[in-house]
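*Asks:* Got chain R; can you put chain F on it based on the hints?
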Amino acid sequence: MSKTVKLNRGLDIKLVGKAEKRIAESPQPDTFAIRTADFIGLKRSKSLVNEGDIVKAGTPLFYDKKNEKIKFPSPVSGEVVEVLRGEKRKLLQIKILADKKIEYLEFPKYSASQIESLSRESVLDALTTSGVWINFIQRPFAIVANPNDTPKHIFISAFDSSPLAPDYSFIFQGEESYFLTGLNVLKKLTPGKVHLNIKGDAESSSAVEKATGIQVNKFYGPHPAGNVGIQIHHISPINKGDTVWTLTPYGVIQIGKLFAEGRYDASKIVALAGSEVKSPAYYRTYTGANIKNIVANNIKGTNVRYISGNVLTGEKIAADGYLGFYHNMITVIPEGNYSEFLGWITPDPKKYSFHKAFGLFSFLSPNKEYVLDTNLHGEERPFVQTGAMEKVLPMDIYPVLLLKAILANDYDGMEALGIYEVAEEDFALCEFIDVSKNDIQAMIREGINMIQQS
Amino acid sequence: MKALRNLLDKQKPLFAEGGKYGKFHYLFEAAETFMFVPAHTAPAKGVQVRDAIDLKRYMMTVVIAILPTLFFGMWNVGHQHYLATGEQADFLTKFLLGAKLTLPIVIVAYTAGGIVEVIFAIMRKHAINEGFLVTGILIPLIMPVTIPLWQVALATVFAVLLAKEVFGGTGMNVLNVAMTARAFLYFAYPTEISGNIWTYLPEGSKTVDGYSGATALSILNEASAAAVDAQSGALKALEASWYPDLFSFKSMFLGTIPGCIGETSTLMCLIGAAILIATGVGNWKIIFSVFAGAWVMGLLLNVLASSGIGNAFMGVPAHYHLVMGGLAFGAVYMATDPVSASQTETGKWFYGALIGIFTVLIRVFNPAYPEGIMLAVLLMNVFAPLIDFFVVDANKKRRLKRATV
Numbered sequence: 001m002s003k004t005v006k007l008n009r010g011l012d013i014k015l016v017g018k019a020e021k022r023i024a025e026s027p028q029p030d031t032f033a034i035r036t037a038d039f040i041g042l043k044r045s046k047s048l049v050n051e052g053d054i055v056k057a058g059t060p061l062f063y064d065k066k067n068e069k070i071k072f073p074s075p076v077s078g079e080v081v082e083v084l085r086g087e088k089r090k091l092l093q094i095k096i097l098a099d100k101k102i103e104y105l106e107f108p109k110y111s112a113s114q115i116e117s118l119s120r121e122s123v124l125d126a127l128t129t130s131g132v133w134i135n136f137i138q139r140p141f142a143i144v145a146n147p148n149d150t151p152k153h154i155f156i157s158a159f160d161s162s163p164l165a166p167d168y169s170f171i172f173q174g175e176e177s178y179f180l181t182g183l184n185v186l187k188k189l190t191p192g193k194v195h196l197n198i199k200g201d202a203e204s205s206s207a208v209e210k211a212t213g214i215q216v217n218k219f220y221g222p223h224p225a226g227n228v229g230i231q232i233h234h235i236s237p238i239n240k241g242d243t244v245w246t247l248t249p250y251g252v253i254q255i256g257k258l259f260a261e262g263r264y265d266a267s268k269i270v271a272l273a274g275s276e277v278k279s280p281a282y283y284r285t286y287t288g289a290n291i292k293n294i295v296a297n298n299i300k301g302t303n304v305r306y307i308s309g310n311v312l313t314g315e316k317i318a319a320d321g322y323l324g325f326y327h328n329m330i331t332v333i334p335e336g337n338y339s340e341f342l343g344w345i346t347p348d349p350k351k352y353s354f355h356k357a358f359g360l361f362s363f364l365s366p367n368k369e370y371v372l373d374t375n376l377h378g379e380e381r382p383f384v385q386t387g388a389m390e391k392v393l394p395m396d397i398y399p400v401l402l403l404k405a406i407l408a409n410d411y412d413g414m415e416a417l418g419i420y421e422v423a424e425e426d427f428a429l430c431e432f433i434d435v436s437k438n439d440i441q442a443m444i445r446e447g448i449n450m451i452q453q454s
Numbered sequence: 001m002k003a004l005r006n007l008l009d010k011q012k013p014l015f016a017e018g019g020k021y022g023k024f025h026y027l028f029e030a031a032e033t034f035m036f037v038p039a040h041t042a043p044a045k046g047v048q049v050r051d052a053i054d055l056k057r058y059m060m061t062v063v064i065a066i067l068p069t070l071f072f073g074m075w076n077v078g079h080q081h082y083l084a085t086g087e088q089a090d091f092l093t094k095f096l097l098g099a100k101l102t103l104p105i106v107i108v109a110y111t112a113g114g115i116v117e118v119i120f121a122i123m124r125k126h127a128i129n130e131g132f133l134v135t136g137i138l139i140p141l142i143m144p145v146t147i148p149l150w151q152v153a154l155a156t157v158f159a160v161l162l163a164k165e166v167f168g169g170t171g172m173n174v175l176n177v178a179m180t181a182r183a184f185l186y187f188a189y190p191t192e193i194s195g196n197i198w199t200y201l202p203e204g205s206k207t208v209d210g211y212s213g214a215t216a217l218s219i220l221n222e223a224s225a226a227a228v229d230a231q232s233g234a235l236k237a238l239e240a241s242w243y244p245d246l247f248s249f250k251s252m253f254l255g256t257i258p259g260c261i262g263e264t265s266t267l268m269c270l271i272g273a274a275i276l277i278a279t280g281v282g283n284w285k286i287i288f289s290v291f292a293g294a295w296v297m298g299l300l301l302n303v304l305a306s307s308g309i310g311n312a313f314m315g316v317p318a319h320y321h322l323v324m325g326g327l328a329f330g331a332v333y334m335a336t337d338p339v340s341a342s343q344t345e346t347g348k349w350f351y352g353a354l355i356g357i358f359t360v361l362i363r364v365f366n367p368a369y370p371e372g373i374m375l376a377v378l379l380m381n382v383f384a385p386l387i388d389f390f391v392v393d394a395n396k397k398r399r400l401k402r403a404t405v
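Going down the list, the sequences are from chains R and F. So the first sequence is numbered by full-length UniProt numbering: it starts at 1 and just counts up by one. So the second sequence is numbered by full-length UniProt numbering: it starts at 1 and just counts up by one.
These aren't lab readings, by the way, just hints derived from the structure by calculation. Computed from a prediction, not measured in an experiment: that's the story for all the values here. Among the hints, erroneous ones may be present.
[To be verified] Partial chain F-side listing against chain R, Cβ under 8 Å, derived:
{"no.": "1", "residue": "K12"}
{"no.": "2", "residue": "P13"}
{"no.": "3", "residue": "A16"}
{"no.": "4", "residue": "E17"}
{"no.": "5", "residue": "P43"}
{"no.": "6", "residue": "A44"}
{"no.": "7", "residue": "K125"}
{"no.": "8", "residue": "N129"}
{"no.": "9", "residue": "V166"}
{"no.": "10", "residue": "T170"}
{"no.": "11", "residue": "G171"}
{"no.": "12", "residue": "G280"}
{"no.": "13", "residue": "P338"}
{"no.": "14", "residue": "A394"}
Ideal Cβ placement from N, Cα and C applies to all residues, glycine included.
The shape of chain R in the complex, shown without the other chains:
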């Protein structure tokens, strides 16, 4: 039974610099990198390549020592130019100088009827050997899934509601058949259902209409309606002992391409957005791309922050940094490294606040787009305000109490208050609106790590 969920709580932060729906041309980046830090939960990785090795797209670069089945493949073909290690020789990043023409490692191809007759084991085997496995994120804990588990359900959020997010219907157009193939593969993996969660007030794509044997759920409301964690909470909440898997449409398409074409295809269309981009648009590249060529001559100032991902959950990278594995966008916003005279009390219509105590009349212009910088606008303080975080977290969870349980190392409290259901991204808006300027997403991850290791 499909479900329709209407969410009232949440917040759409409207920012200047939405990407225009066109694919802009830029020289393809020379180097690509896969960083171990992008894979949360990956603690002990072992490199399979050395500097100077020649790899193809799909060649495993390193694996997870905790679970040797999980391999992390190269997005492009070329030469391994750097194996960067940190303290105690911990693997940090593998950099590849890409070929002009990408060569692919060959994997078996399957027709639709062959997929139909494949066993669960052989599907799992194909997914792990090729490396597309790392698209599977497991809940609870929001880490790369363990192929030895059997998930209760599989969830796919087919839209991104975060600020300046790329339009999925644009970046995935023309990939419908792969998406359908991917969905057929996923059906093999769970005794439960494959849930495809779509935006309620958007036109549904032909891929959604053609999909069979899955459950399509509609979600209405502001961000974080597109977060898969919120969707799971409203469809089939996670309890202690449950495991569900989640994927992005990109992952589903990648799986589809693996089965239909027999290759690990890491090509993707990414959005370059944000107030500091001269002409925000979309670019065709591959996972782990160096952003230097993409942003070249397209940035307004020099005091800017490059973010891999969106402004709520993304990560600051250098001007010649690399796109995160799970990211579909690069955001460029002004750096906020200035001190402002009486900035805490002077009214300023350019500033944006969820709280009426700052932007008392902002409700008069609900569609105004803002230029936000990275200034914290204050200092860290203990939790004082109550009731605000609940307004942006559409879950039956008491956010402040959960955070306090984490701070107090109260394992039972965390469990009872819903730590299994949350991931950092679900608390991103809480972090944004927090008057006390706490790093709430980091706290949530700390809590998840604690409960995972207990």
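*Replies:* Below, chain F alone, put in the same frame as chain R:
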């Protein structure tokens, strides 16, 4: 502003760790961040942009919402003085007299509390917290204008120390700090904070015939002790005051009555409430439920009184309870304290309603304490975690019910 910024930057190394005045780092930082929002930027991972509000702004909004009661209170201090002496005075004269008497109390409260804050910040090596911006103005407003300044200082130090700092500072306290200050004086120096001490009458000043400094609540208390007729006796005692219409419903609503500096005017409290609710700083559920709780309890007592049971105070119309004493002030500024109040939205209904109910119960049935809101707020501060416990427990049970392991 650049000159000021440069000056601060020049002095900064002196106050840094290991600097000449390294010990006073947090004092310097407090002054610096008060003038300039620091250049701190969002960390590399996590939310890269942040809401424009901070705790300073949040607390300052409360201070702004308190100002109507402060200004009205200043005028009323003068007004009550000239009423008692029978002299004529214009608006400005009354206001200036009130300001002259009130400001020292405000300054003493801020200074005494501020010193404690600074000492703890230096000792604990944490930034000076904005919470005191609010406490420092609330304490003077719940004091009679005749209070000796040393008592204000002592009460403030006691409250900040024992109601806040021992728990870890702003955000960690269990009790409302300002209410604790008043409770301290109430029990330690009762003569200066109860009885006929509400009007400023310097030594040697003459009062009009029949003058009495009693408040509405103490008149009603005496009336009920004197076993006046439960139906209407208490109200008659209130109406028969030394000045015509002194304790009429209208006067009590407007606040032209004797009482603590800031808490006599229900109207000003409602203006403050409007500011708090419009800015989203004060919780409307708590404010509404305190009033509702008190009114319903008042009605209930009226019904009992009409059947001839109980004391005279019970017969006072329920809506009188909302304008007498400090109920409105307590409901708007004390009960809504986000730290000591109930943390859950459902809990806030119960928390507020119980404050209202207990206020009326204490007023009517406790002959020792004519004012109930102070004790009711402190009592419910202690019980707020218990209310939250039940609300959160229901949430936990829901989650546990679905679990399979």
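*Asks:* Under the criterion of a CB-CB separation shorter than 8 Å, is T170 of chain F in contact with chain R as hinted?
*Replies:* Holds. Min distance 6 Å.
*Asks:* When the nearest CB of chain R is found for N129 of chain F, is that gap smaller than 8 Å?
*Replies:* Holds - the Cβ of N129 of chain F comes within 8 Å of chain R, reaching about 7 Å at its closest.
*Asks:* Return the status of the interface hint for A394 of chain F: holds when the least beta-carbon distance to chain R is below 8 Å, violated otherwise.
*Replies:* Result: violated, 10 Å to nearest chain R Cβ.
*Asks:* Given a cut of 8 Å on the nearest C-beta pair, is the interface hint for P13 of chain F held or broken against chain R?
*Replies:* violated (16 Å)
*Asks:* Quick check on the hint: A16 of chain F CB to chain R CB, less than 8 Å?
*Replies:* This hint is violated: A16 of chain F lies away from chain R, its Cβ roughly 16 Å from the closest one there, beyond 8 Å.
*Asks:* Regarding the hint that G171 of chain F lies at the interface with chain R, is the smallest CB-CB distance below 8 Å?
*Replies:* G171 of chain F check passes; min Cβ-Cβ to chain R is 3 Å, inside 8 Å.
*Asks:* Next item in the hint list is P43 of chain F. Is there a CB on chain R closer than 8 Å to its CB?
*Replies:* holds (6 Å)
*Asks:* Hint check: is the beta carbon of E17 of chain F less than 8 Å from a beta carbon of chain R?
*Replies:* Interface hint status for E17 of chain F: violated (17 Å vs cutoff 8 Å).
*Asks:* Can you verify the interface hint for V166 of chain F: is its Cβ closer than 8 Å to any Cβ in chain R?
*Replies:* violated (15 Å)
*Asks:* Taking 8 Å as the limit, does the beta-carbon of G280 of chain F come near enough to a beta-carbon in chain R?
*Replies:* Result: holds, 4 Å to nearest chain R Cβ.
*Asks:* So, as I understand it, the hint says P338 of chain F touches chain R; can you test that by seeing if any CB pair is closer than 8 Å?
*Replies:* For P338 of chain F, the interface hint holds, since the closest Cβ of chain R sits about 5 Å away, which is under 8 Å.
*Asks:* Do the numbers back the hint for K12 of chain F, that is, is its least Cβ distance to chain R under 8 Å?
*Replies:* violated (11 Å)
When the structure is compared with the earlier hints, violations turn up for hints 1, 2, 3, 4, 7, 9 and 14 and for no others.
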